[in-house]
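J.: Sequence:
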Amino acid sequence: MSDNTNSSSTTITFPLLSAHNYSTWKSDVQAALRSKGLWRIVSGSISKPDDKEAEKLEAYLDKADRAAGILSLAVDKDQRVHLAGIEDDPVKIWAKLEIHMAKESLSALMTKVDDVMLRIKGLRPSNFDLTKMDDELAVMTLIRALPLETYEGFVRSLLLQKNLTKASIHTAFKNWETAKKPQGSEALSSASESVRSQSCCFCFKVKPHGPEVRLL
4 MSDNTNSSST TITFPLLSAH NYSTWKSDVQ AALRSKGLWR IVSGSISKPD
54 DKEAEKLEAY LDKADRAAGI LSLAVDKDQR VHLAGIEDDP VKIWAKLEIH
104 MAKESLSALM TKVDDVMLRI KGLRPSNFDL TKMDDELAVM TLIRALPLET
154 YEGFVRSLLL QKNLTKASIH TAFKNWETAK KPQGSEALSS ASESVRSQSC
204 CFCFKVKPHG PEVRLL
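Just so you know, we're using my numbering here: the sequence shown kicks off at 4 and counts up by one.
Just so you know, these hints were derived from the structure itself, not from any lab. Hints are supplied without guarantee of correctness; some may be wrong.
Capping the alpha-carbon separation at 30 Å, the derived lysine-lysine pairs in DSSO-like fashion look like this [what the hints assert, rightly or not]: (1) K80 - K39; (2) K169 - K135; (3) K80 - K95; (4) K29 - K165; (5) K183 - K165; (6) K124 - K165; (7) K135 - K165; (8) K95 - K29; (9) K29 - K39; (10) K51 - K29; (11) K95 - K124; (12) K183 - K169; (13) K115 - K99.
Just so you know, these numbers come straight off a predicted model, no measurement behind them.
Full structure from sequences and hints, please.
T.: See the structure below:
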């Protein structure tokens, strides 16, 4: 079985670095470098040995070459222009990409937000206004406020409706309360009447004292 750490073949299994994915790419490539024992070379945790330490220097340069190769392969061709002149130095490659992509990421973020806003505007009706947005926010707030352990079935029935408005939610809430309220209130009223009919008019105990004591 071949040792993956020393394998000369490298396959990049995550998206290459582009102008829009630096934050996720950074985590992916760090994981790839760590899996091959090369991240400490790239991060600078392991310094380049002195020329007098031939064996250590050779081992360091071998790892540096493999780390630089992985970084280059993990960068999209359009972005490799930033690696010109430092292709064999993984420490410099990492530092250069971090500086450049951090600046470019802000521009990419603004572009991405603009694109998303255009999609949102395209999805909503042409007559959509702030009043309707407030209505939708009220609808979602009312639904989200319901604890699922008590109202799960009720919430599901609400979400199945095609046109949810604040007025329709209010109506549904009132109907729910009306449907649940009578049993409890009628039972309570019946129990109250029963107790009252059997109470003593003098001491208010449930059981009368005897035939001479008049009940309410």
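J.: Which earlier hints can't be squared with this structure?
T.: 4, 11
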